[in-house]
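Undergrad: With the sequences and hints as input, model every part of the structure.
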Amino acid sequence: MQTFATFDDGTTARIGYFKDLGHALYSIDTDTIHVMPAYFGQPDRHAVTISLGRPGDTSGYRLTGLHVGDYFLTGTLMLTGPDFTPHPHPHSPRKFPLADITDPDARADAASRLSQIATHFHTTFA
Numbered sequence: 001m002q003t004f005a006t007f008d009d010g011t012t013a014r015i016g017y018f019k020d021l022g023h024a025l026y027s028i029d030t031d032t033i034h035v036m037p038a039y040f041g042q043p044d045r046h047a048v049t050i051s052l053g054r055p056g057d058t059s060g061y062r063l064t065g066l067h068v069g070d071y072f073l074t075g076t077l078m079l080t081g082p083d084f085t086p087h088p089h090p091h092s093p094r095k096f097p098l099a100d101i102t103d104p105d106a107r108a109d110a111a112s113r114l115s116q117i118a119t120h121f122h123t124t125f126a
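In my numbering, the protein residues as written are 1 to 126.
Treat the hints as calculated values from the structure; they're not laboratory data. All values derive from a computational prediction rather than experimental measurement. Careful, some of the hints might be misleading.
Unchecked claim - Label pairs and their in silico Cβ distance ranges: (1) K19 - D100: 28 to 38 Å; (2) F4 - D109: 17 to 27 Å; (3) P93 - F4: 25 to 35 Å; (4) K19 - S92: 25 to 35 Å; (5) T6 - D83: 18 to 28 Å; (6) P82 - F7: 15 to 25 Å; (7) R94 - T6: 29 to 39 Å; (8) G22 - S92: 15 to 25 Å; (9) D103 - F18: 34 to 44 Å; (10) D109 - D20: 26 to 36 Å; (11) L21 - P104: 34 to 44 Å.
Ideal Cβ placement from N, Cα and C applies to all residues, glycine included.
TA: This is how it looks when you write it as structure tokens:
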């Protein structure tokens with residue numbers, strides 16, 4: 001299934017949802033990321049995993065990373081709670097994509113963008 005979503009900053013994502021897997025690919029401009037529920041079969045749990053990938057990704061999904069302002073995010077993170085707050089993923093607790101963003105406003109913008117993607121995924125597909 002293919003659909004589109006527009007976020008608060010005006011960017012539009014083309015979304016490919018794989019119903020049999022429960023996963024989605026979000027393509028925003030030239031970036032592609034992979035979004036899936038953190039706990040399969042438990043939609044009441046507010047938790048989403050986002051794999052941002054990296055250039056040269058070998059996952060088969062051609063994940064590219066995500067540009068947010070002047071920053072380029074790669075890696076994997078989990079977003080939890082009713083507002084989908086970004087956290088390090090339990091499988092890679094020392095690699096948090098937002099940790100490299102030193103500007104507090106840019107970090108808040110990146111967290112907001114990721115939270116909106118997680119909220120969209122959870123309310124639409126999970």
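Undergrad: With reference to the structure, classify each hint as holding or not holding.
TA: To see whether the hints hold, each was checked on the structure:
1. K19 - D100: 28 to 38 Å: 35 Å, holds
2. F4 - D109: 17 to 27 Å: About 21 Å separates the Cβ atoms of F4 and D109, which means 17 to 27 Å holds.
3. P93 - F4: 25 to 35 Å: Roughly 34 Å apart at Cβ, these two residues keep to the hinted range, so it holds.
4. K19 - S92: 25 to 35 Å: 27 Å, holds
5. T6 - D83: 18 to 28 Å: Holds: the Cβ-Cβ distance is about 20 Å, inside 18 to 28 Å.
6. P82 - F7: 15 to 25 Å: 18 Å, holds
7. R94 - T6: 29 to 39 Å: 34 Å, holds
8. G22 - S92: 15 to 25 Å: Because 21 Å falls inside the window, the suggested range holds.
9. D103 - F18: 34 to 44 Å: Once the Cβ atoms are compared, 35 Å apart, the range 34 to 44 Å for F18 and D103 holds.
10. D109 - D20: 26 to 36 Å: 34 Å, holds
11. L21 - P104: 34 to 44 Å: Since L21 and P104 have Cβ atoms about 36 Å apart, the given range 34 to 44 Å holds.
In summary, the structure agrees with every hint in the numbered list given earlier.
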